[in-house]
Amino acid sequence: MQYNQDSKFWHFATLVADFILLNLLFIVLCIPVVTIGPAISALIHTTLKLSEDENRTLIKPFWNEFKRDITKKILLWIVYLILIAAMVYMAQFYWNFANNNVDLLRIIGFMLFVLSALILVATIVASIIGLAMTTRYFSPIKRLVKNSYLLIIVLPIQAFIMAAVLVASTLFFIYQTVPVLSFFLVIGFAALAYSFAPLVREFFTKVK
7 MQYNQDSKFW
17 HFATLVADFI
27 LLNLLFIVLC
37 IPVVTIGPAI
47 SALIHTTLKL
57 SEDENRTLIK
67 PFWNEFKRDI
77 TKKILLWIVY
87 LILIAAMVYM
97 AQFYWNFANN
107 NVDLLRIIGF
117 MLFVLSALIL
127 VATIVASIIG
137 LAMTTRYFSP
147 IKRLVKNSYL
157 LIIVLPIQAF
167 IMAAVLVAST
177 LFFIYQTVPV
187 LSFFLVIGFA
197 ALAYSFAPLV
207 REFFTKVK
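Position in the sequence shown (first residue = 1) + 6 = the working numbering.
In short, the hints are calculated from the structure, not lab data. Take these hints with a grain of salt, some might be off.
[Claimed, not checked] Cut-off 30 Å, straight-line C-alpha distance, at most; resulting in silico cross-link-like pairs (DSSO-like, lysine-lysine):
| # | residue 1 | residue 2 |
| --- | --- | --- |
| 1 | K73 | K152 |
| 2 | K55 | K212 |
| 3 | K148 | K73 |
| 4 | K212 | K152 |
| 5 | K78 | K66 |
| 6 | K73 | K55 |
| 7 | K212 | K148 |
| 8 | K78 | K148 |
| 9 | K148 | K55 |
| 10 | K78 | K152 |
| 11 | K66 | K55 |
| 12 | K66 | K212 |
| 13 | K78 | K212 |
| 14 | K55 | K78 |
| 15 | K212 | K73 |
| 16 | K152 | K55 |
[Unchecked claim] Cβ pair distances, simulated, as ranges:
| # | residue 1 | residue 2 | range |
| --- | --- | --- | --- |
| 17 | I114 | P185 | 32 to 42 Å |
| 18 | F179 | R112 | 54 to 64 Å |
| 19 | Y143 | I33 | 19 to 29 Å |
| 20 | M117 | V173 | 14 to 24 Å |
| 21 | V173 | R142 | 46 to 56 Å |
| 22 | V22 | S175 | 11 to 21 Å |
| 23 | K212 | L124 | 34 to 44 Å |
| 24 | F18 | I113 | 49 to 59 Å |
| 25 | A23 | K148 | 37 to 47 Å |
| 26 | I33 | I114 | 15 to 25 Å |
Idealized CB from N, CA, C, for every residue including glycine.
Whole structure, please, built from the sequences with the hints as guidance.
What follows is the structure in structure tokens.
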């Protein structure tokens with residue numbers, strides 16, 4: 007039996023196989039926590055290019071981008087990781103504070119918890135934007151972090167969509183752990199990055 011490699015089915019099957027390999031490579035490179043940043047940057051770069059040209063290969067561009075300027079990406083990721091950890095701690099602290107027996111303190115604690123949670127989500131979105139910018143712009147780490155937060159303010163709808171997808175994925179994982187985990191282990195991270203491509207492109211249009 008001969009297969010027509012120019013057929014739409016063959017092209018789709020090849021793309022799915024590449025997505026699975028790309029997803030697996032991303033997961034492996036995320037095992038050392040410090041390399042999560044370069045891995046995210048490379049994944050966004052690859053899926054962004056794929057959204058512009060469906061005939062592109064995936065693995066080689068991913069690997070090349072992962073290695074490029076890796077030290078800077080690791081340092082940038084560490085900065086975001088510290089910020090995320092700080093906001094997780096603050097959210098947990100105010101959540102415990104919200105369980106106070108005094109009504110006024112409970113209300114204040116809950117409001118501060120919500121604020122901390124929102125800043126946490128914003129920081130996670132900012133980290134994705136900041137790491138994405140390393141694929142196209144040669145800026146100092148301080149400027150990348152600053153611009154990533156500013157872009158959330160400049161393009162709040164796009165940032166909200168990205169945040170909503172991340173929060174929804176997390177909630178699905180909590181309540182449907184096995185199927186969601188299976189999806190992300192097979193193709194989920196690559197698919198998520200691909201879905202972010204139009205949003206990332208819009209963020210790039212605002213970078214000067």
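Worksheet entry | Hints the structure fails to honour | 18, 21, 23, 26
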